[in-house]
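**Q** Residues per chain, in single letters:
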Amino acid sequence: MLGYVRRIVPFSSVDGPGNRTAVFMQGCNFRCFYCHNPETQQVGDCSNPLEGVMAMDHFEVVAAVLKYRDFTQGVTLSGGECTVQLDFLLALCKDLQASNIEVFVDTNGHLAPRDFRQLCPYVDKFIFDVKATRIAEHTALTGHSPELVLENLAWAIAGKQLYEVRTVVVPDVLPNRVTVADTSRLISVDAAIRYKLIKFRARGVGPRFGALRTPDDQYMAGLQALALSLGVANCIIV
Amino acid sequence: MDSVLCIVKDPALTWQQKVVALARAAENSIDVLNVSPALRELVRAGIVCDLGEGHAPYRPRYVAPDYDRFMCRGSSFLDLPPPESLDEALNSLLILYKHVPSITTFPVYIGNLDRLIAPFVQDDAPTYQAIKRFLLHIDRTLPDSFCHGNLGPEDTLAGRMVLRAQRELQTAVPNLTLKVGADTSDAFALAAIETALVTAKPSFANDAMFLRDFGVDYAIVSCYNGLPIGGGSYTLTRLNLGRLAARAKNYEEFLASTLPQAVQQMLWYMDERVRFLVEESSFFEGSFLVREGLLDKEKFTAMFGLVGLAECVNALRGSPLLQHDRFGHHSGADAMGLEIIAEVKRLVGEHSNRHLRFSAGHYLLHAQVGIDTDSDTSPGCRIPIGEEPELYEHLAQSAPFHAFFPSGIGDVFALEATVKNNPKFVLDVVRGAFKHGLRYFSAYASDSDVVRITGYLVKKSDIEQLALGHQVRNGAVALGKGAAENQGVLRRKLHA
Numbered sequence: 001m002l003g004y005v006r007r008i009v010p011f012s013s014v015d016g017p018g019n020r021t022a023v024f025m026q027g028c029n030f031r032c033f034y035c036h037n038p039e040t041q042q043v044g045d046c047s048n049p050l051e052g053v054m055a056m057d058h059f060e061v062v063a064a065v066l067k068y069r070d071f072t073q074g075v076t077l078s079g080g081e082c083t084v085q086l087d088f089l090l091a092l093c094k095d096l097q098a099s100n101i102e103v104f105v106d107t108n109g110h111l112a113p114r115d116f117r118q119l120c121p122y123v124d125k126f127i128f129d130v131k132a133t134r135i136a137e138h139t140a141l142t143g144h145s146p147e148l149v150l151e152n153l154a155w156a157i158a159g160k161q162l163y164e165v166r167t168v169v170v171p172d173v174l175p176n177r178v179t180v181a182d183t184s185r186l187i188s189v190d191a192a193i194r195y196k197l198i199k200f201r202a203r204g205v206g207p208r209f210g211a212l213r214t215p216d217d218q219y220m221a222g223l224q225a226l227a228l229s230l231g232v233a234n235c236i237i238v
Numbered sequence: 001m002d003s004v005l006c007i008v009k010d011p012a013l014t015w016q017q018k019v020v021a022l023a024r025a026a027e028n029s030i031d032v033l034n035v036s037p038a039l040r041e042l043v044r045a046g047i048v049c050d051l052g053e054g055h056a057p058y059r060p061r062y063v064a065p066d067y068d069r070f071m072c073r074g075s076s077f078l079d080l081p082p083p084e085s086l087d088e089a090l091n092s093l094l095i096l097y098k099h100v101p102s103i104t105t106f107p108v109y110i111g112n113l114d115r116l117i118a119p120f121v122q123d124d125a126p127t128y129q130a131i132k133r134f135l136l137h138i139d140r141t142l143p144d145s146f147c148h149g150n151l152g153p154e155d156t157l158a159g160r161m162v163l164r165a166q167r168e169l170q171t172a173v174p175n176l177t178l179k180v181g182a183d184t185s186d187a188f189a190l191a192a193i194e195t196a197l198v199t200a201k202p203s204f205a206n207d208a209m210f211l212r213d214f215g216v217d218y219a220i221v222s223c224y225n226g227l228p229i230g231g232g233s234y235t236l237t238r239l240n241l242g243r244l245a246a247r248a249k250n251y252e253e254f255l256a257s258t259l260p261q262a263v264q265q266m267l268w269y270m271d272e273r274v275r276f277l278v279e280e281s282s283f284f285e286g287s288f289l290v291r292e293g294l295l296d297k298e299k300f301t302a303m304f305g306l307v308g309l310a311e312c313v314n315a316l317r318g319s320p321l322l323q324h325d326r327f328g329h330h331s332g333a334d335a336m337g338l339e340i341i342a343e344v345k346r347l348v349g350e351h352s353n354r355h356l357r358f359s360a361g362h363y364l365l366h367a368q369v370g371i372d373t374d375s376d377t378s379p380g381c382r383i384p385i386g387e388e389p390e391l392y393e394h395l396a397q398s399a400p401f402h403a404f405f406p407s408g409i410g411d412v413f414a415l416e417a418t419v420k421n422n423p424k425f426v427l428d429v430v431r432g433a434f435k436h437g438l439r440y441f442s443a444y445a446s447d448s449d450v451v452r453i454t455g456y457l458v459k460k461s462d463i464e465q466l467a468l469g470h471q472v473r474n475g476a477v478a479l480g481k482g483a484a485e486n487q488g489v490l491r492r493k494l495h496a
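Here the protein sequences come in this chain order: F and V. The numbering used here puts the first residue of the first sequence at 1, with every later residue one more than the last. The numbering used here puts the first residue of the second sequence at 1, with every later residue one more than the last.
Read the hints as simulated data drawn from the structure, not as lab findings. These numbers were taken from a predicted model, which means no experiment stands behind them. Every residue gets a Cβ at the ideal spot worked out from N, C-alpha and C, and that includes glycine. Don't take each hint at face value.
Derived lysine to any residue pairs resembling SDA-like cross-links, with alpha carbons at most 20 Å apart [claimed, not checked]: (1) F/196 <-> F/228; (2) V/420 <-> F/163; (3) V/424 <-> F/220; (4) V/435 <-> F/100; (5) F/67 <-> V/186; (6) V/460 <-> V/470; (7) V/424 <-> F/192; (8) V/493 <-> F/9; (9) V/493 <-> V/404; (10) V/9 <-> V/20; (11) F/199 <-> V/418; (12) V/420 <-> F/220; (13) V/18 <-> V/466; (14) F/67 <-> V/394; (15) V/424 <-> F/228; (16) V/299 <-> V/351; (17) V/420 <-> F/221; (18) V/18 <-> V/104; (19) F/67 <-> V/466; (20) V/424 <-> F/73; (21) V/435 <-> F/1; (22) V/481 <-> V/13; (23) F/196 <-> V/416; (24) F/196 <-> V/418; (25) V/249 <-> V/339; (26) V/420 <-> V/194; (27) V/424 <-> F/221; (28) F/67 <-> V/437; (29) V/420 <-> F/236.
Coverage of chain F stretches by chain V, computed from C-beta distances (three or more under 8 Å per stretch; other residues unrestricted) [unchecked claim]: (30) 13-21; (31) 65-74.
So here's chain V without its partners, still in its complex pose:
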């Protein structure tokens, strides 16, 4: 119970952050999952990690409610009729958000905002002020960087107003993604880029790719996770390929036994988490979101996460000292990386779990962005910070990996502030990258206070406050501070 007392006494936690931490401590005080000794050993070695999901899953990790349905039908449990005005729409959404569970206790998806409010939006100042207040309300009451809204792909007045408000507010929450496709006008995309160069959001999702993988009802959730609307992901566990590689004598052994054994252990562990959640936790029997059709078991899947491909490849190639021999720079190293990911996809694809109904019984691959305490591990398939090549080479290297990860992969690019004079530069890069198979693109300007840590946003000024021991509203600032200290995320190569 020492940890409980530590939480209670921690002066750097807000009351709300303490409540969340205490709930986690309570959940972790019981042991209900049937976990093999082999898996426990992999967890102890840092090879498999449940990413703080807890010992007794009682809600899906990521929930993407069908907000469009809510807008059409209202909610009988919340006693809310369908909204008939902008005020009612925004108010109803703010009410519903407080009832959407997730791993963070805050909603990780708040809807395709422009589509939800478009029917009520007029081109006048009161409408704009209401949207701005709505976004401010979200930042102040859902203080978590994994809270994610979507925009697009169509150009709408509502979308433009959301972007303008974000440029003015410059808050870290909500995270935002613009779906960029054939329907996205250049003018709308440029407004989004101008916003991103001020406040590090939105990121840009390759609409054509997500449409192929999910159909039209997809959401970008939490960091950059592609998931079906009306469902979500039961769990996300990750495999640290870099640490796993250290256990293999050579590449042949890695492919033949080290990797398949670890993948199998992790799949069984994920199965156990899913089983407990779906069959024992009562979530699907008890939640009004399910009862009212905002969530549907048919639309759930789960995510098999990977980190540390760069470290894995470099280790298996004898840890070359020269950069041009390493992952991200050497064609042989990159080819090995692709071969490893293809093998993981094959192994994961051979496994089936009847609860993963959206994805025909299969787990979806996810390039996990890392956690704050990682110090020897690059996110997903990313090139390590400090070794990034020039922008074109970076995109060309990265794009082939993106096809393997429907439930999320992406790169983050830090740009010189002078790019603000030429936002079309970013649009050209995004359109080209998407044409070449990149799934997801994030950028921020070097002089921005809001910065993208790995997949989520944090204010640099908040990190400084927390470093001084002061409370900050956003619980994710602690994660950003760790990532800045351990992974150097604020030292990315600058592109101009």
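Bound conformation, chain F alone:
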């Protein structure tokens, strides 16, 4: 099964627990203005080869991951949005699982619940991006309603398959308190789930958004306190 991979990072400390090989796949179904990897958004294929994108067979990716296995806890499949290449992702997850590699999938959760549930048996844990919980802001930011994201998130929580949720905090633009509160209520049922609040940073985003401000420590601490007050066991700020 052929897929499109932007890059493979042998060692990553920020894509799940322990040291993980991170596989960044090409293509995304969202167009968030604050994306720090906009080069991974465009979907490539054989008829539309993109510079810097590797067309790889899934077993080549598995071989690359195995090279580092003595040094890692597992692999995290990320993107872009890795579920955009669902068949490739499924093939990869199945083979990694067969090789006894712990598989994490980092996703925006925007895919058909039927497809998501098809993926679940081959994934150890998910990392979800929750960008906003209200329809208006989520649609404005991503072009899509958050309905699928929240349904799949609930499924992952119920199946004890959620490792971490991430929210990028952008003052003045996004309803950060609402998003954090809604998300916290959802994930507080499982103390093992970590909530990571990420400060928006203007560096690397498009010129239209460079003027937006980075949230200060006090603002972030307020959101963290909110999450903790709603029962989240572990909330970190990065």
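Once you've looked at the hints, dock chain V against the given chain F.
**A** Relative to the frame of chain F, chain V by itself:
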């Protein structure tokens, strides 16, 4: 005598630092070693260096007393019975430390701390406070970054308390190493990593590798030197491979004559230093540490040091300008490096000295970390700062060298502060690296005040104080300041 007056008048030296410097000046005012003109020429050219050991060795460079024996038997010379309580144990150790000689005049090894105090440790606040005071006492009275304690490999309450106290104290002294082996629990190793990400220590020693080389009674001493407990190293002299390479027309000549001649000269010089120390200085006749069995000639060896392999290889390959052709990045360059080290091992292994009883008459190889004035020389077999590859490539490149250096080699990695959110990352890297033959691993976080210079620790804030001309307690800060200025050790590549 100008230098003596300079020492006396130097406002940046503490009284204690002046006493040490004056003792060195006195030792260096005599010339008792029988040294060949060829060796003197190599020293003048900066190819061989005695690392400030002095002209008349009167104590082994590195001494690793058998503190376990001391805890069992006490000391008749010090009139101390075996300790029966935590207070007595800590007090006895602090007394003994002041009587342990070394090149720095401070002990370079203070014991496997957790093992020494474990019998007296209880899970209560007074115990913890006593351990914390003990470590503070060490930092304030043995102000030297080469003073080194060991922990592990077993997970103990005593070890946990030492780590917790270090996280809170954040002192540069003592240096610390955790022996990591099959007996080391992940939880204990993670506590050590969380400590290292706050205060740049402990480092991590590959217990399985050191066990193979030394047996169970090994110590990590000074920077990262593996040595037998109850003994130590008579001397450490180093060969600067980079400077030596400049004397060879090509690689063939380097292997055929330049290298073997220099190695031979240095071995004879080391023999002379060992001879004077063992046969003339009266150390082994006079020291109560020897008399009471805390030191034993049978457990001594000595260390043949190397620096500048990267510069050596690059010079012999015509000084390639592109990084991917240089040592650390090019497989041919790395293979040449391994071939050179294997040849040094062979040459050193052919030489015998009857005093090196622990190591069957042979010198042990040591990848020396450099000195403060080095500016064109990378430590041991390290990849030059500024040219470091990504972490995996770095470990894979470095590990094959580690097998050659039982008495010390290691790499230092600077990590992004965000790694504190995921200490397991470091544990995975350490376990993997050890599985692949890495001997010793050090890391610190980018926002840490205590940083690892080359093998020893210094506070960045102390370097700033010294740069302003202010006195600092720790004599090694001057070395760290030099290394920061000349080798850019505070500009290591950051990994996340």
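**Q** Indicate, hint by hint, whether the structure satisfies it.
**A** Hint check:
1. F/196 <-> F/228: With a Cα-Cα distance of about 12 Å, the restraint between residue 196 of chain F and residue 228 of chain F holds, given a limit of 20 Å.
2. V/420 <-> F/163: 18 Å, holds
3. V/424 <-> F/220: Violated, at about 25 Å.
4. V/435 <-> F/100: 18 Å, holds
5. F/67 <-> V/186: 23 Å, violated
6. V/460 <-> V/470: Given pair residue 460 of chain V, residue 470 of chain V holds - Cα atoms ~14 Å apart, limit 20 Å.
7. V/424 <-> F/192: Distance of about 16 Å is within 20 Å: holds.
8. V/493 <-> F/9: Holds - the C-alpha atoms of residue 9 of chain F and residue 493 of chain V are around 16 Å apart, at most 20 Å.
9. V/493 <-> V/404: Distance ~26 Å between residue 493 of chain V and residue 404 of chain V Cα, so the pair is violated.
10. V/9 <-> V/20: 14 Å, holds
11. F/199 <-> V/418: 13 Å, holds
12. V/420 <-> F/220: 18 Å, holds
13. V/18 <-> V/466: Cα-Cα ~15 Å, so holds.
14. F/67 <-> V/394: 15 Å, holds
15. V/424 <-> F/228: 24 Å, violated
16. V/299 <-> V/351: Given that 20 Å is the threshold and the Cα spacing comes to 19 Å, the pair holds.
17. V/420 <-> F/221: 18 Å, holds
18. V/18 <-> V/104: Holds - the C-alpha atoms of residue 104 of chain V and residue 18 of chain V are around 13 Å apart, at most 20 Å.
19. F/67 <-> V/466: 46 Å, violated
20. V/424 <-> F/73: 9 Å, holds
21. V/435 <-> F/1: 33 Å, violated
22. V/481 <-> V/13: With a Cα-Cα distance of about 14 Å, the restraint between residue 481 of chain V and residue 13 of chain V holds, given a limit of 20 Å.
23. F/196 <-> V/416: The hint holds at about 17 Å.
24. F/196 <-> V/418: 12 Å, holds
25. V/249 <-> V/339: Holds: residue 249 of chain V and residue 339 of chain V sit about 18 Å apart, inside 20 Å.
26. V/420 <-> V/194: 7 Å, holds
27. V/424 <-> F/221: Given that 20 Å is the threshold and the Cα spacing comes to 25 Å, the pair is violated.
28. F/67 <-> V/437: 16 Å, holds
29. V/420 <-> F/236: Holds, at about 11 Å.
30. 13-21: holds (count 5)
31. 65-74: With 5 residues closer than 8 Å to chain V, the stretch 65-74 of chain F meets the three-residue bar; holds.
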